[in-house]
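Residue numbers (numbering that gives the first Met the number 0), protein chains in the order written: chain A, 0 to 726; chain B, 0 to 157; chain C, 0 to 287.
Any given hint might turn out to be false.
Stated by the list, open to error - DMTMM-like, lysine to aspartate or glutamate: derived pairs with alpha carbons at most 25 Å apart:
#1 A:K435 x C:D236
#2 A:K435 x C:D238
#3 A:K298 x A:D225
#4 A:K390 x A:E408
#5 A:K435 x C:D237
#6 A:K435 x C:E139
#7 A:K390 x A:D335
#8 A:K256 x A:E108
#9 A:K435 x A:D421
#10 A:K256 x A:D335
#11 A:K256 x A:D195
#12 A:K256 x A:E370
Read the hints as simulated data drawn from the structure, not as lab findings.
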Amino acid sequence: MPELQVVGQTVERLDSRAKVTGGAAYAADIAVDGMLHMKIVFAGRPHALIRSLDATAALALPGVVDVITAADVPVNVRGLIRRDQQVFCDRLVRCEGDQVCAVIAETAEAAEAAARLVRIAYEDLPVLSSAEEALRPGAIQLHAEWPGNVCHRIHLRQGDPDAALAAAEVVVCGEFHTPMQEHAYLEPEAGLGYIDEAGRVTVRTSGQATHDDLRQIAAALNLPEDAVRVVYGAIGGAFGGREDTSVQVALAVAAHKLRRPVKTVWSREESIRGHGKRHAITIRHTWGARRDGTLQAAKIEIISDAGAYNYTSSEVLANFLYSAVGAYRFEHAQIDGVAAYTNNVPGCAFRGFGSPQSTFAAEMMIARLGEAVGLDPITIRLRNCVRTGDKLITGSPLVGPVSLVELIEACAARAGAVREGDGWRLPTPESTTPTKRRGFGIAVGMKNSGFGWGIPEGSYARVVLHGARRIERAEVYTAAADVGQGAHSVLAQIAAETLGLPLDRVQMIVSDTATAGDAGPCSASRMTMYGGNAVRAAAAEALAKWQNEDRPASGGGRWVAPATTALLPDPDANRNFVSYAYGAQAAEIEVDIDTGAIEVIRIVAAHDPGRAINPQQVLGQLQGGLVQALGWTLTENFITHDGRIETDRLSTYLVPTIRDVTTPVEYVLLERPDDVGVFGVRGVGEISMILPAPAIAAALHDAVGVWHDRLPLTPERVAARWPEYTG
Amino acid sequence: MSQVTVTLTVNGQTQTITTDAHKTLLYLLRDDLGLYGTKDGCSEGECGACTVLMDGRPVNACLVLAGQAQGRTIITIEGLAGDGELHPLQRAFIRSGAVQCGFCTPGLVLSAVALLERQPDPTEAQIRQALTGNLCRCTGYTQIIAAIQAAAREVDHA
Amino acid sequence: MTPFDFLSPQTLAEACHALAAAGRRPIAGGTDVIPQWRAGRFQAETLVDLSRVPGLSDVTLRDGEIAIGALSTYTELHASPVLRAHAPLLAEVSAMIGGAQTQNRGTIGGNIANASPAGDTLPPLLVLDAQVDLISAAGERSLALSAFLRGPGQTASEAHEIIRRVRFAPLPRGARSLFLRLGNRQGMVISVVSAAFVLQLDDHGRVEEARVALGAVAPTAIRCAEAEALLRGRPLDDDLIARAADAAVAAARPIDDVRASAAYRRHGVRVLVRRGLTQLSAPGGGEQ
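With the rest of the complex left out, here is chain A:
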């Protein structure tokens, strides 16, 4: 490959100037003349029948224009994967965040006051507050179409795990519980619905995939897709939580009915009730191994709380078909998983898409196995981890170079581990405070980039070159969302590189279904990899036409990603993913044995971005994911009780503050270019999120000799397991 000019450089992001001056317009920052204001009326209860809805008093309030209900929605369902949630509930409420109606008024104040006057008579029903409860025989049924409250099941069997486990020299077991996690993006949901100049029902909002939003709106309104438009402005974070719709369909219904612009802005409490969460999952493992630590067989059960609606629960569970075994080789395995409908807030995508949960459990297991067979944590991992040419547990070949061994060794060495004989001698940190203990832990893992599983994938982009003798300006059209990760800037770098132009001659025309086809969502660490491929292909085509004297020269269309397969019965036929990210992280912690407080003293994070398009932004993704994982591991304790969310504020749901992130993180970056990603990139959006929890839990075990199998590691949980606890 010739030397790269723009790719690989840390350049100024296209959006940062607007963001530091206050000029970037987020959804709540849009105001237009004649705009109405919408207040959604949430059910606010986990399970109930709606006996009646009386909007008379609300409609009588001065300034109130309308109260829209289920009757106003032509096809009253929404859902990204499965259309199983009503836009407005007409009969049955299944979670607190269900939307029952919306008041539309001339002012936000009037809408809010009127919302309190809508009289809804509910008959509360018994509540299913956990997946275990929902799966019990005789449990009440939440969705008639999904008997037994089974939202989704997975099953995989390779070899003969029962016989292998019976014959195994060493067997270890564990049961792990991981909690819900709130995305807590700083920008609460908001949007503006209106009819655009071409008569399209338009929603300007924040999301992760313009075209996914568009399809749900068009379906609900029973309109052709070209009669709908979705536009994103600046987006205040997403992390998976904006893959599903929140305000989109309600705004479209209102604007379509009233033919006036309609704005809505959610409060933080509404945001926490109104969008999904990382799934709470219980994972049970039984592993069999040889006395030398070589893994042979695993039997794994996964029980996931899907919440009231599917959102992406089925897909998150499906990823356990490979990720349940961690980044390890097994000959024999059985994986059984179920996602159950409950009356909790729906489980949805969140950075890592199930891998933080699966990796936590698998890494706790390998740590336990190492202890059982007397191998150090590094050696046991190196003995069993996947290598180039290996296969997933499904039989799918691990295409591309597998850099995991290299990453583990680099991480261990940087963290201060030393090779000794056949193994590694680990750092043995000691606290100087009598009431504190120090410990060291390591975790390794992998994460697919791209959806895989046979889902048709690709990305649309178009490039138009303007100028006469030289290219004065390159327009890049992409509908890709920039959720804050810098996608637009990175795509601009890719265009500039391909065209041989300086960056300032590239103009991005973005995030509007009216100007570009479907780029696919910003999820699964895929946008740079696939969106970037689309932009490069479009730029190359435009450049060829330019050289052919086209003025302006235009190229592009849908770039199609290499095909994958669903889980197939024949292991050799499986090709479930085409790209992966790998990583290894080591953590040193200090725990206060009296209070249970954990301080993370140091982290070493070894990752392989394939190729960094913008090194500073790669570090931003890695650090951001790592700190979200610190929150999930230590401070973020999402509490529900009988389907009711008790941590609905940022004063009760504790994301890390700048005082909580004092840990110096040393990054070891190895760039081992991937075959599929543009310019060799691998996805880096999620990988750093999946490792801190098991690394810290391993360090905690090293410090106090106790395995903690339930997250978060709150001070109370940690203190309560210490012998001198007096609570």
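Since chain A is already given, all that's left is putting chains B and C on it; use the hints.
Below, chains B and C without anything else, positioned relative to chain A:
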């Protein structure tokens, strides 16, 4: 609905505004003055996205009533760059990669401005103390601390 | 979020007059009032803003007494030379409440009036034996903080009364003091357990005076009379510290909530009292 009339100086301009008595400074800035750079992330003083400088000190605009801003001098993120020239902290946030989604950025920049005015060469601990009330969910904070340190060096050498 | 009227009295007399009418409540820094109003837990037809009332934000030491105007912000308390010299634990705790934005607006009068069991200035004020001065159109009165605090969000003041100031004697030379707390994160902490101590030891390490207060483990911040009685007159050794911690645990009446269980809070009381007293028993520990 009862109203208050408030005279205050925002970004150097003295204005008199009549608005709802129960409105907060945050919505006076956003709705009455169209200064949308001040963000609403929680409306209860937990996230710092609405941070503005009131008489030179960072406050959560969501917890100040419009009437309480009478006679006060307010600086919002829009008032920081002079004549198109970015404030050193704004430049440093850009250069250090301290901006991702950007929703927390205006508040963080203003908290940092107040810090550097009192403490031109802050220690890392002082930076953390000054920014405790500003949540960021994207960056993991390291690049923000780096930006403030870089700006402090720049101001110091200017 | 029902709308309210807004009044901005310019003098203390005007403020008293304004609050004499029904349906009126005071607001100062707003850091508690506004979130509670949003959540529907605070009702008033009219909010009376005290922030323009002069003379309510001084910290003075006069005639052997420290007086803190109710409108003093946490930032001002932290910077106060008087407090740093004579009540350092109050200066220190003021830098531990919320972030800079809260410290610039939140006031000591507000922290007292809000009467949260977890209010972080309250245990320090209790061990300082603080008096609360109230004023209204009907006159003035003064009562001990311990009598003023009645329950979560409940105080002995009437709706028309304003907290004017809080008073206490400066800590004697050689007194040792400390504030400790447990929380679930490092920044923007709401205390899960807090404890404040004032201790005077004689030349032989015997306790002359002991005051211990706890926060977030009872309906109000509380003094631990039994623990204090146990400590007074005895040498401060490990055994006495353990017994004092037991007594403090017995005084706590914690509840389970989203932040922690009652059990962890009881454990936390033991840990903090043990740690606090141990720290103060060390040579020079917590000394002014």
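Going through the hints against the structure:
Among the hinted pairs, K435 (chain A) with D236 (chain C) is consistent with the structure: their alpha-carbon atoms are about 22 Å apart, no more than 25 Å. Note on K435 (chain A) and D238 (chain C): the hinted pairing holds, with a Cα-Cα distance of about 22 Å set against a maximum of 25 Å. Simply put, K298 (chain A) and D225 (chain A) have alpha-carbon atoms about 48 Å apart, too far for the 25 Å limit, and the pair is violated. At most 25 Å may separate the alpha-carbon atoms for a hinted pair to count; K390 (chain A) and E408 (chain A) meet this at roughly 21 Å.
For the given pair, K435 (chain A) sits about 19 Å from D237 (chain C) by alpha-carbon distance, which is consistent with the 25 Å threshold. For the hint linking K435 (chain A) to E139 (chain C), the alpha-carbon distance of about 51 Å lies beyond 25 Å, and the restraint is violated. In summary, the hint linking K390 (chain A) to D335 (chain A) is supported, as the alpha carbons are separated by about 20 Å, within the 25 Å threshold. A C-alpha spacing of about 21 Å is found between K256 (chain A) and E108 (chain A), which places the hinted pair at or below 25 Å, so the restraint holds.
With a CA separation close to 32 Å, the supplied pair K435 (chain A) and D421 (chain A) exceeds the 25 Å bound. A C-alpha spacing of about 46 Å is found between K256 (chain A) and D335 (chain A), which places the hinted pair above 25 Å, so the restraint is violated. Of the supplied pair hints, the one linking K256 (chain A) and D195 (chain A) holds, its CA atoms being roughly 14 Å apart against a limit of 25 Å. Restraint check for K256 (chain A) and E370 (chain A): the C-alpha separation of about 65 Å exceeds 25 Å, so the hint is violated.
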